[in-house]
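Colleague: Each chain, written out:
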Amino acid sequence: MNDIDLVRELRAEVTAPTPSRLADGRARLQAVISPGERPRPVHLLRAKFLIPALAGTVAAAVGIGYAAGGHSPAVPSVAGRPVAPPSASRSGPPTAVPPVTQAVLAAQLLTQASSVVGRAPVKAEPAPGQWVYSKTVDYQKPGGANVYENWETFDGRKSAYFENGHLIVHDSRAQVSTAGLPPLAAYDAWPSPKTAYDAIASLPADPRALLRQVGADVSRVGADNVVAGSVMGSRPKTGSQAEFAYLGQLLWNAAAGVGGPPRGEAAVFRAMALIPGVSLQKGVTDAAGHLVVGLSANGGANQLLLDPVSYQPTGLRAVFPIQKAAKPSPAKGGHSGVPGTGTALDSLAYLTVKEVSKPGAR
Amino acid sequence: MHAGQPPPDDAALIERSQRDPEAFAGLYDRHAALLHRYVARRLGDVAADDVVADTFHDAFRRRHKYDLTAADARPWLYGIATNLIGKHSRSEARMLRAYARTGTDPVLTTTGTRPRTEEYDQADSRLAAQAVRRELAAALAALAPADRDVLLMIAWADLSYAEVATALRIPVGTVRSRLHRARARVRVALGGYDPTCIREETHQ
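Residue numbers (our numbering), protein chains in the order written: chain A, 197 to 558; chain B, -13 to 190.
Simulated from the structure, these hints should not be mistaken for laboratory data.
Incorrect hints may have been included.
Claimed, not checked - Within a straight-line C-alpha distance of at most 25 Å, the following computed SDA-like cross-link-like pairs (lysine to any residue) qualify: (1) A:Lys354 - B:Ala11; (2) A:Lys433 - B:Gln4; (3) A:Lys433 - B:Asp31; (4) A:Lys331 - A:Ala299; (5) A:Lys331 - B:Asp6.
Kindly produce the complete structure, drawing on both the sequences and the hints.
Modeller: Rendered as structure tokens:
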């Protein structure tokens, strides 16, 4: 036995780590890989689709050109019929309207959204183990549309889905502890419908104070980590973009359960109205084929889609950015093989979200 | 490349992770356990948790700079881990010295261990082996951190000279010289004790 062998023997009795130890490390890595998503077996980000209970006069007030009767019932039953690819904005690229006008329109819409959601009935916070069923359509270009069904507990600790006719229930995913964390930090560590609900509930009513708090949280987490890997964009270029993406994603994740408390959601919309550079995309069709309104902080490349009546998040979408669109070539008949400006590249929308008694129930 | 090491497709996994970040988790599944054990042997379980998590965190951030011609990512990962271990070098040396002084290894009191399956059946031989380990711990504590890194990457992580060179971004010749220096100091620290005698005695 030489000296190297002796070194090899030293502490040789140290064993490999236990699976739970490794799972913790893997969860920490997963949080970096997709901070807006949990290590879940199927699509995570999904919003509920509420029945519009309030008369929609705001659209006309802010000049959104909805086709008469063009807004479908808000609880669509698209199962069994093909889902049309989401269209580009009917009014053309977002820059068709001057930025100042865009900002005013967006602020007006967000202020109105704040007023509407603030008057909505208070929704009781479900128990952590409450199962929530959701059906989501995800359109990707290329690839087309896929419809997913998923069951998840309100706290996100369990999930279930059907595979080859068998219900698969996951309850052993790597768990991230949120004990003792402030609500926003808990949401950052483990963004579930519950932590999103609690985070929204914790935000200050004053919009500027809210933005300061969110801005501080974005700084702590890192702007890149806020939305990496999500439809809301991968690399916010400004603090404003990061704050908008953070708040949009917060609303979206809350909508995967029962949304947020009305007062909290109203405060979020009021705060979003103060974020500079937010623009409005009108006449947008979401992945479920419904006319919605899009809001974006990066010129329309990544949009939060709202129901134009209830102002609840209904979808997210990423479109081919204007600056990357190829100029049409007349010599080649205008076909460049590159998606046109405003073409949806990724679009998510809820078909339904509701509380159910057990996984597999609809 | 060592036989029995992870399959040589880490580069493909990392390349895929540049389009599909989720693929990077596969690298963790493949290498985290052995890396954790290596770090735990140096710093204990608790510090190993953080070092391994930070290693993969840093690796994920740097994946776009990974040399995709390198099929095996272990040298890259161990290199990142070694930098992180370096932040604990005083603690590492302190634990080694404590072991040398007291005969109780702080690392073993905090980590999962398995019974030794060693060849020292007789009590005298076990005591002798214990004495050698304490001398060895003292010797490792006294090494320059850079020399200790090379010695332990070869002895505990089973990396080749070339892999250590890649991991630490130093020439292979430097690896050899650091290893030579480390081994010489270990032998001197063992005080003329001829370790080979242990095996000869126990097999008599």
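Colleague: Indicate, hint by hint, whether the structure satisfies it.
Modeller: To see whether the hints hold, each was checked on the structure:
A C-alpha spacing of about 20 Å is found between lysine 354 (chain A) and alanine 11 (chain B), which places the hinted pair at or below 25 Å, so the restraint holds. A hinted pair counts as satisfied when its Cα atoms are at most 25 Å apart, and lysine 433 (chain A) with glutamine 4 (chain B) qualifies at roughly 20 Å. A hinted pair counts as satisfied when its Cα atoms are at most 25 Å apart, and lysine 433 (chain A) with aspartate 31 (chain B) does not qualify at roughly 39 Å. A C-alpha spacing of about 33 Å is found between lysine 331 (chain A) and alanine 299 (chain A), which places the hinted pair above 25 Å, so the restraint is violated.
Of the pairs offered as hints, the one joining lysine 331 (chain A) and aspartate 6 (chain B) holds, with about 24 Å between alpha carbons and a cut-off of 25 Å not exceeded.
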